[in-house]
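Trainee: Spelled out, the chains give:
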Amino acid sequence: MAETLFYALALAAVGFSVGVISARSPMISVLSLLGAFVCLALVYLLAGFQFLAAAQVLVYAGAIMVLFLFVVMLLNLTDLAKVAEHPTRALGLPRVALAGASAGVLGVLALLASANVPSGSADPAMVAQGFDGLEPIAVALFSRYLLPFEAASLLLLATMVGVIVLAKRQRGAAASGPAKEAAAVAAASAAAEPQLEGAGAR
Amino acid sequence: MNVPHQHLLILAGALFGLGCLGFLLRRNAIIVLASVELMLNAANLAFITGSRIHSTAGRPSLEGPIFTLFVILIAAAEAAIGLALVIALYRLKQTAELDTSSELRG
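Quick mapping for you: the protein sequence lines, in order, are chains A and B.
Just so you know, numbering that gives the first Met the number 0 puts 87 at position 88 of the first sequence, and the rest follows in order with no gaps.
Just so you know, numbering that gives the first Met the number 0 puts 4 at position 5 of the second sequence, and the rest follows in order with no gaps.
Don't read these hints as lab results, they were simulated from the structure.
Here a beta-carbon is modelled for each residue, glycine too, at the ideal position from N, C-alpha and C.
The reader is advised that the hints may include incorrect statements.
Stated by the list, open to error - Here are the in silico distance ranges between beta carbons for each label pair:
no., chain 1, residue 1, chain 2, residue 2, range
1, A, Pro117, B, Leu84, 39 to 45 Å
2, A, Val116, B, Glu102, 44 to 50 Å
3, B, Leu84, A, Pro123, 44 to 50 Å
4, A, Ile163, B, Ile73, 16 to 22 Å
5, B, Arg104, A, Ala124, 53 to 59 Å
6, B, Leu84, A, Val116, 34 to 40 Å
7, B, Pro3, A, Ser21, 26 to 32 Å
8, A, Pro117, B, Glu102, 47 to 53 Å
9, A, Leu97, B, Gly57, 46 to 52 Å
As the list claims (entries may be wrong) - Only part of the chain B face toward chain A is listed, based on derived beta-carbon distances under 10 Å:
no., residue
10, Leu20
11, Ala76
12, Ala83
13, Ile86
Kindly produce the complete structure, drawing on both the sequences and the hints.
Mentor: So, in structure tokens, the structure goes:
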């Protein structure tokens with residue numbers, strides 16, 4: 000039962016990912032990304048990672064998706080006539096060759112790496128119990144991984160300052176619409192980050 | 000869920016490959032950022048599979064979940080900065096097409 004569900008979710012995740020990279024309008028692309036995130040959260044849940052499934056839904060499908068949708072709607076990129084002014088469809092040969100070469104290199108690396116993966120599956124009892132109990136994770140996060148944890152909070156602070164600097168209106172420039180909108184994005188991202196901090200602290 | 004480790008890794012590899020293709024082939028800055036998020040998610044799935052492989056009965060391997068948490072955190076920071084850059088680019092060029100920004104080409 001759970002296995003069938005996993006394969007269905009895996010197919011759906013791959014389908015949504017194809018949607019992300021092949022959609023004409025950024026809006027469809029971002030909504031497909033939301034679908035892929037939700038499918039992956041369910042895969043985490045099936046694989047025995049309940050906390051990470053919750054974090055995935057809260058941070059990815061919640062905070063990050065809101066940022067993406069906010070920017071897509073703000074910039075009105077769904078206007079296809081405007082998109083068509085630029086040669087988005089015509090892909091140059093070098094670009095396709097580069098993409099094909101990287102896909103080939105990735106495939107070879109995956110084949111080489113798969114030789115070292117032990118066959119078989121995880122212990123069913125462990126899956127039922129869950130691999131990411133809150134208590135072990137919290138203890139590890141605040142003892143062995145304390146330094147990365149603090150570095151991460153510094154990174155979030157630097158991000159917040161960076162976004163505010165990027166979004167700030169240029170000195171002397173007239174108060175224009177886009178500047179105010181960018182400041183709103185900065186405020187939205189600042190609101191999203193404490194949520195992540197909270198998820199990490201738990 | 001009694002799925003072989005390889006199948007989880009194949010899913011992660013497929014998602015990473017699709018994200019890589021989107022990153023290289025698309026020109027819209029927002030879709031490029033979405034492809035990067037897709038690749039980070041594939042990495043998370045690989046970390047989770049690693050945790051499943053290295054866990055023994057009663058002793059879960061915590062490196063996988065903790066690295067996944069940090070990747071989620073980096074992804075949030077990257078999305079915030081990346082989208083602020085898209086807004087700045089749009090203010091400058093009135094478009095989010097990356098090919099219009101080639102001032103640094105030698």
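Trainee: Could you run down the list of hints and mark each one as holding or not?
Mentor: Status of the hints after comparison with the structure:
The hint said 39 to 45 Å for the Cβ distance between A/Pro117 and B/Leu84, and at roughly 42 Å that hint holds. The hinted window of 44 to 50 Å between A/Val116 and B/Glu102 holds, with their beta carbons roughly 45 Å apart. The hinted range of 44 to 50 Å is satisfied by B/Leu84 and A/Pro123, whose Cβ atoms lie roughly 46 Å apart. Separation of A/Ile163 from B/Ile73 is about 19 Å and conforms to the stated range, judged on CB atoms against 16 to 22 Å.
A C-beta distance of roughly 58 Å is found between B/Arg104 and A/Ala124, which places it inside the suggested range of 53 to 59 Å. Checked against the given bound of 34 to 40 Å, the beta carbons of B/Leu84 and A/Val116, roughly 37 Å apart, stay inside it. For B/Pro3 paired with A/Ser21, a C-beta distance near 29 Å keeps the hint of 26 to 32 Å intact. Look at A/Pro117 against B/Glu102: about 51 Å separates their beta carbons, and that is inside 47 to 53 Å.
Between A/Leu97 and B/Gly57, the C-beta spacing of about 48 Å keeps the proposed range 46 to 52 Å intact. At its closest, the beta carbon of B/Leu20 sits 5 Å from a beta carbon of chain A; the interface hint therefore holds under the 10 Å criterion. A cut of 10 Å between beta carbons decides the hint on B/Ala76: the least distance to chain A is about 4 Å, and the hint holds. Against a cut-off of 10 Å between C-beta atoms, the interface hint on B/Ala83 holds, since the closest Cβ of chain A lies about 4 Å away.
The interface hint given for B/Ile86 is met, as the beta carbon of that residue sits about 4 Å from the closest beta carbon of chain A, less than 10 Å.
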